[in-house]
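Participant: Single-letter residue listing:
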Amino acid sequence: MTYPLSHEVQRDPDGRLRHLITLEDLSRAELTALLDLAQFYVRVPGDLPARDQSLAGRTVANLFFEPSTRTRVSFELAARRLGAETVNLDMQSSSRMKGETVLDTIYTLEAMHVDVLVMRDAQPGLPASVAAAVEPFVSILNAGEAHLSHPTQGLLDALTIRQHKRHFENLKVVVVGDIEHSRVARSAWQALTTLGVGEFAIAAPADLMPTAGDFARATRYDRLDRALAGADVVMALRVQRERMQEAQIPDEATYSREFGITADRLAGARADVIVMHPGPMNRGFEIAAEVADGPRSVIRQQVTNGVAVRMAVLATVVRNVQARRHFQ
Amino acid sequence: MTYPLSHEVQRDPDGRLRHLITLEDLSRAELTALLDLAQFYVRVPGDLPARDQSLAGRTVANLFFEPSTRTRVSFELAARRLGAETVNLDMQSSSRMKGETVLDTIYTLEAMHVDVLVMRDAQPGLPASVAAAVEPFVSILNAGEAHLSHPTQGLLDALTIRQHKRHFENLKVVVVGDIEHSRVARSAWQALTTLGVGEFAIAAPADLMPTAGDFARATRYDRLDRALAGADVVMALRVQRERMQEAQIPDEATYSREFGITADRLAGARADVIVMHPGPMNRGFEIAAEVADGPRSVIRQQVTNGVAVRMAVLATVVRNVQARRHFQ
Amino acid sequence: MTYPLSHEVQRDPDGRLRHLITLEDLSRAELTALLDLAQFYVRVPGDLPARDQSLAGRTVANLFFEPSTRTRVSFELAARRLGAETVNLDMQSSSRMKGETVLDTIYTLEAMHVDVLVMRDAQPGLPASVAAAVEPFVSILNAGEAHLSHPTQGLLDALTIRQHKRHFENLKVVVVGDIEHSRVARSAWQALTTLGVGEFAIAAPADLMPTAGDFARATRYDRLDRALAGADVVMALRVQRERMQEAQIPDEATYSREFGITADRLAGARADVIVMHPGPMNRGFEIAAEVADGPRSVIRQQVTNGVAVRMAVLATVVRNVQARRHFQ
Chain A
1 MTYPLSHEVQ
11 RDPDGRLRHL
21 ITLEDLSRAE
31 LTALLDLAQF
41 YVRVPGDLPA
51 RDQSLAGRTV
61 ANLFFEPSTR
71 TRVSFELAAR
81 RLGAETVNLD
91 MQSSSRMKGE
101 TVLDTIYTLE
111 AMHVDVLVMR
121 DAQPGLPASV
131 AAAVEPFVSI
141 LNAGEAHLSH
151 PTQGLLDALT
161 IRQHKRHFEN
171 LKVVVVGDIE
181 HSRVARSAWQ
191 ALTTLGVGEF
201 AIAAPADLMP
211 TAGDFARATR
221 YDRLDRALAG
231 ADVVMALRVQ
241 RERMQEAQIP
251 DEATYSREFG
261 ITADRLAGAR
271 ADVIVMHPGP
281 MNRGFEIAAE
291 VADGPRSVIR
301 QQVTNGVAVR
311 MAVLATVVRN
321 VQARRHFQ
Chain B
329 MTYPLSHEVQ
339 RDPDGRLRHL
349 ITLEDLSRAE
359 LTALLDLAQF
369 YVRVPGDLPA
379 RDQSLAGRTV
389 ANLFFEPSTR
399 TRVSFELAAR
409 RLGAETVNLD
419 MQSSSRMKGE
429 TVLDTIYTLE
439 AMHVDVLVMR
449 DAQPGLPASV
459 AAAVEPFVSI
469 LNAGEAHLSH
479 PTQGLLDALT
489 IRQHKRHFEN
499 LKVVVVGDIE
509 HSRVARSAWQ
519 ALTTLGVGEF
529 AIAAPADLMP
539 TAGDFARATR
549 YDRLDRALAG
559 ADVVMALRVQ
569 RERMQEAQIP
579 DEATYSREFG
589 ITADRLAGAR
599 ADVIVMHPGP
609 MNRGFEIAAE
619 VADGPRSVIR
629 QQVTNGVAVR
639 MAVLATVVRN
649 VQARRHFQ
Chain C
657 MTYPLSHEVQ
667 RDPDGRLRHL
677 ITLEDLSRAE
687 LTALLDLAQF
697 YVRVPGDLPA
707 RDQSLAGRTV
717 ANLFFEPSTR
727 TRVSFELAAR
737 RLGAETVNLD
747 MQSSSRMKGE
757 TVLDTIYTLE
767 AMHVDVLVMR
777 DAQPGLPASV
787 AAAVEPFVSI
797 LNAGEAHLSH
807 PTQGLLDALT
817 IRQHKRHFEN
827 LKVVVVGDIE
837 HSRVARSAWQ
847 ALTTLGVGEF
857 AIAAPADLMP
867 TAGDFARATR
877 YDRLDRALAG
887 ADVVMALRVQ
897 RERMQEAQIP
907 DEATYSREFG
917 ITADRLAGAR
927 ADVIVMHPGP
937 MNRGFEIAAE
947 VADGPRSVIR
957 QQVTNGVAVR
967 MAVLATVVRN
977 VQARRHFQ
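Residue numbers (our numbering), protein chains in the order written: chain A, 1 to 328; chain B, 329 to 656; chain C, 657 to 984.
Quick caveat, the hints were computed from the structure, so don't treat them as lab data. Source: prediction; values computed, not measured. Beta carbons: idealized from backbone N, C-alpha and C, even for Gly. A hint or two may mislead.
[Said to hold, decoys possible] Chain A regions said to be covered by chain C (calculated; three or more residues, Cβ under 8 Å):
id : segment
1  : 48-58
2  : 135-141
3  : 193-206
[As the list claims (entries may be wrong)] Some, not all, of what chain B presents toward chain A, calculated at C-beta under 7 Å:
id : residue
4  : VAL370
5  : LEU376
6  : PRO377
7  : PRO395
8  : THR397
9  : ARG398
10 : LEU405
11 : ARG408
12 : ARG624
13 : ARG628
14 : THR632
15 : VAL635
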């Protein structure tokens, strides 16, 4: 199956972001504007969450072809706190539905005046294919696409770093784990590279390291200690333990011993290092419990930022679609 | 199991429609009033959907004993856009629950101040049985009952035809497929016959043709070409491929060759013929993709009309229950 | 696994109820205040349900590790009628998730500004463990915990009795069934004992009778007829038929013959006896259909009261958390 390139379909003819499928072609100014709007929606835990009526009368549908309760709930709350109606569709895996059937489901939702479709899929290509097919008043938000893209995660990671470090220029950000298969790493790399991060480092066993052409300009480490030296930010990826059991990949115990983030290891990073994880964590495996819950962890703050980022993205694409209609 | 007749239980003692279980006994004026209200709720795709507060403070529960994401979402959005709260109950098949258990579930919802119960079931009789059992302030809406009735589908089909043809009198409407087992065909036949359609035609292989007493006054065709001659409206039914594999029924290839709606075949109909399908489609089987997506297709418009029709039905039964309470 | 005691974690440092995990340590005045607020939210069936905006801007999450459609819907409607957003999480059994994983899910919801977590679990200890772990602005409501506690059920039972009998002092309340394993019986016993009920009686076969130290001051009957003599209130528990099939427990036919509530048996109670059941009923087994639907049954009223009680509890804990923040 061939499919359109994400960065070629996510803008309207005037260049406005109408979908969010990849962070690949977003400019530094665009990323900054999204982070600024997200920051506007951030509240301290315990305070009431931000709410407005930016999406009053709008409908947001969640189509998760790959299950994810936490991301689905994050989008759902983001949409409702902007005044939208939400509907959840329990989908089978898209690879088990025929392509046309998926599109007919999309056309059905479009005909029901659904404004935004939030999609997650284990296969690559669906968000861009759908974005190319829907009417100009429908927006597609990619909530996780194969190993390729998870743009709202990249944004929430950038926002979390900005809250703690203010500027990206001189930072060393280290992402640790199965980089090759990680949409989280790819979207973080796209966002942080554009935002001008000093050093974007990836640390992984050889078998989980991406090929040379991938992650351009990232520094590569096959030993965690070296990667952590001088690190301002450490992001541990969730290890897909199923994958670990496949051939040619280090066994679990070796991986955890060599690449697990522990308090001892973290001592080699900068004193004000922050530790991130996209969740859900395998505690004691890719990250020690004492680190996850320790003073350097900003993992829960990432979750809070996730809702704010999704509010910002929802408000932005709906406003852009409206603007296009108005000036057309 | 015996159960009450749907048309005998769906009105209150003053003759108001309190439930909608069948279109069988609705008068032309009643159907027209429902279509008029639905039309009031129709918006162009891309515009915001119609919203009001007709159901403010009301609660609508979806009880689908037979799964259907699209119909469930259509009712859910219709209810929410009228200001109602909605709750979805994942039900097992009613045939696997004891009758009393289903009724106790209904009584529980009634006691929680649920105003409208939307039900779909693969077995016949449940909506009427429930309608006969609930308190006078609860309405039952049939969202699909065995092979018997799917009244909101019949209404949305009539509305779609009216939007394109204005008058029913001189139309030839052809329904193609497994007529015998189709609640869509039955509800369309009831609505369109009452609305005075010129010719209601059914086209099917002999094994899928209803018995002689059924579909009174419908013209019957065992060859699609003859049925299509002069047709203003063609409605292809979804083929249940499981059923096809049973004995005495034509094999899939033969069915598709003889009764599938293709562009070639459609050339025998009137030049302004419209093509309908209740969805979800088996593209390339009962309907060619080029027809489904072609200029004569009104299939997506049917989906838009579906939400509007369900808003009209919800608003009508809630208003009627209120009126009865007021004047009692 | 050890876990904190429920009554030690459910109050804030000023003694306010911040969670509701058990009725064990609630004073008569506290129970009365909850019942009074619940009564304020009760409406006659057919009238619109009570609604206000006590929870505007708040988010309530349902985490049911043990499925229960009716209790989940009751909490969901209670929260929405107070203006809250609700999200439902389909959870696996907590015993199949690691404890840390459950807590990480909780921390994720907390970080998303979820204010109230409604939990049901087949294992004991989770609500108190979670209550001890969350930030001071999050409330935990126990919607059913193993055989131990179901506090909103105890409150709705007390409210139903109060509506019919006005005062608790001289009442004989009889609970019949598998007392040993019943959280419904335990919460009813806690509420009614504190409210000063005249006689709290339990009736069960020997194998289902709790040990001597449990249900302090309850009178015990091994024959139903003796228990029912002079009873003002009879509450039949749902029999878990799976459990019946285990060893050492009377067979189903014997149980039903000796402890099923029938009209004949009920003749031995007071003439104005009321009959209760927490639902869902096994009609014809622990309760005869003619009793469940008869003039002495208040079973549907219990359901109506359930929503009102949950509104009262939600409004109370949210108000208490707010008060603590304000005066801190």
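Participant: State for each hint whether it applies.
Facilitator: Going through the hints against the structure:
no.: 1; hint: 48-58; in the structure: holds (count 3)
no.: 2; hint: 135-141; in the structure: violated (count 0)
no.: 3; hint: 193-206; in the structure: violated (count 0)
no.: 4; hint: VAL370; in the structure: 10 Å, violated
no.: 5; hint: LEU376; in the structure: 5 Å, holds
no.: 6; hint: PRO377; in the structure: 4 Å, holds
no.: 7; hint: PRO395; in the structure: 9 Å, violated
no.: 8; hint: THR397; in the structure: 6 Å, holds
no.: 9; hint: ARG398; in the structure: 5 Å, holds
no.: 10; hint: LEU405; in the structure: 6 Å, holds
no.: 11; hint: ARG408; in the structure: 5 Å, holds
no.: 12; hint: ARG624; in the structure: 16 Å, violated
no.: 13; hint: ARG628; in the structure: 4 Å, holds
no.: 14; hint: THR632; in the structure: 5 Å, holds
no.: 15; hint: VAL635; in the structure: 5 Å, holds
Of the hints listed earlier, those the structure fails to meet are numbers 2, 3, 4, 7 and 12, in rising order.
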